[in-house]
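Participant: Please arrange chain B on chain A, whose structure you already have, making use of the hints.
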Amino acid sequence: MTENNLHTESNVSLREFVKENEGKLCQFLQFMLFGFSGLEEITLKVFRNFGDFFQKQTTKKNSDWEKVGLRIQLFTLGWQAIVKAQSQVEYNWTFGRDTRPLKQLDSDLLSEDRSFKVKKVDPEIFLPRLARVDIDFRAPMVLRDVLNFDDEEILRILNIRWGVYRHRLHRGRLAFRESLKGRQNRDI
Amino acid sequence: MVTTCFFCQNLLSDYVEGILPAIRHEEIKKHLSDCKECDQIHKELISSVAVLKEFPSPSISPEFSVRIIEASEAGTTSALRPLRLSRNSLAYVIPVLLIVSLFLISSKIFPWFSWLQSQSEEKQLVRYFPMSNGAGEILEEQANWVHSREPRVGSVWEEGGLSPDEFEKSFQKKGVPAEVSDSKEEE
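From first to last, the protein sequence lines stand for chains A and B. FYI, the numbering used here numbers position 156 of the first sequence as 161, with every residue one higher than the one before it. FYI, the numbering used here numbers position 139 of the second sequence as 157, with every residue one higher than the one before it.
Excised from the complex, chain A in its bound form (with noise of 0.2 Å):
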């Protein structure tokens, strides 16, 4: 098989692509960005910005034509679009660990009785209290455990080392641990 065979081989169409990662990317900034108002024009604008990328990796000679590559490109610019979208909405920092003591604010969704795990989960029931996490602690949590992204993959994504991965993730499923539980969020 020749070097031409291989390259042509392992391109990548465009559309296929986008209809292969489309719901995940979308499931991704719904989570990010519940709530938000403009989510489908944002949406858009990070495959418009896929497109471009798309377009200049096809110029190049011996660029990277993996799907994983290519799928990491897709959510890095996805992420970026939340980061910004975040900072334009006021966002309240807090350094250190809140002490203060937890408030019960809605109902127990972990309790033995209330059994989410006969049911179907519900979207409009659990988003709202997982929204209830910060963003950085729930990018890792929404990648690993619902989308199920490799670690490498996640690294590369949030561009943040391994650590610092693990832990925001363990925080983030703290946090959404405290928020089903109807408390109020620490501000870890």
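It is worth saying that the hints were derived from the structure and are not from the lab. Each hint should be verified, as a subset may be incorrect.
To be verified - Below, simulated DSS-like cross-link-like pairs (lysine-lysine); rule was C-alpha separation at most 27 Å, straight line:
#1 A:K72 <-> B:K61
#2 A:K50 <-> B:K61
#3 B:K187 <-> A:K186
To be verified - Each pair of labels, with its calculated beta carbon distance range:
#4 A:V169 <-> B:V114: 32 to 40 Å
#5 B:A109 <-> A:V17: 51 to 59 Å
#6 A:E45 <-> B:N106: 49 to 57 Å
Stated by the list, open to error - If you want the footprint, here are the derived chain B segments under chain A, 3+ residues with CB under 8 Å:
#7 39-46
#8 53-59
#9 84-92
#10 149-155
From a predicted model like this one, the values you see are computed outputs, not experimental measurements. Glycine included, C-beta positions come from ideal geometry on N, C-alpha and C.
Facilitator: Below, chain B alone, put in the same frame as chain A:
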């Protein structure tokens, strides 16, 4: 090593995923069997991760799917779209334009501009040794031209002009002034 609740709770995610070293894994396991609070958090953590994994993927309407494909393919024809200057590009372009305009307008601010203009060796020779590179001939031609237009009349006060004796002689040759000759005729 004594395993505290704080230590245990910080490692619960790693414990659930089974990426801890064997010794540490056993320590956490032992602590969880002893401590009710940590065990409760452990169970709830597993439950919350299960909730995340059971989230249904959102259904995308076919219309929105078409719009997504159109948007992604619109990016591929970026070369055909009219040039749109972003704020970032303007931030680079405006200072460059200002510097270029200053560079062109005033050579006083940029004295090395005149040096750049005379880059060739010949021009530099003319600049530093003008008389030995044809400037003398040009000056001589110009002086001849001026002299032919306005012939030089000698002056007493100039060096190389008429001497005082020659000046007096010139009067004697021309004769006495007119007023003096009239008074002589009346007498």
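Participant: Looking back at the numbered hints, which does the structure fail to meet, lowest number first?
Facilitator: Numbers 1, 2, 3, 5, 6, 7, 8 and 10 - these are the hints that the structure violates, sorted from lowest upward.
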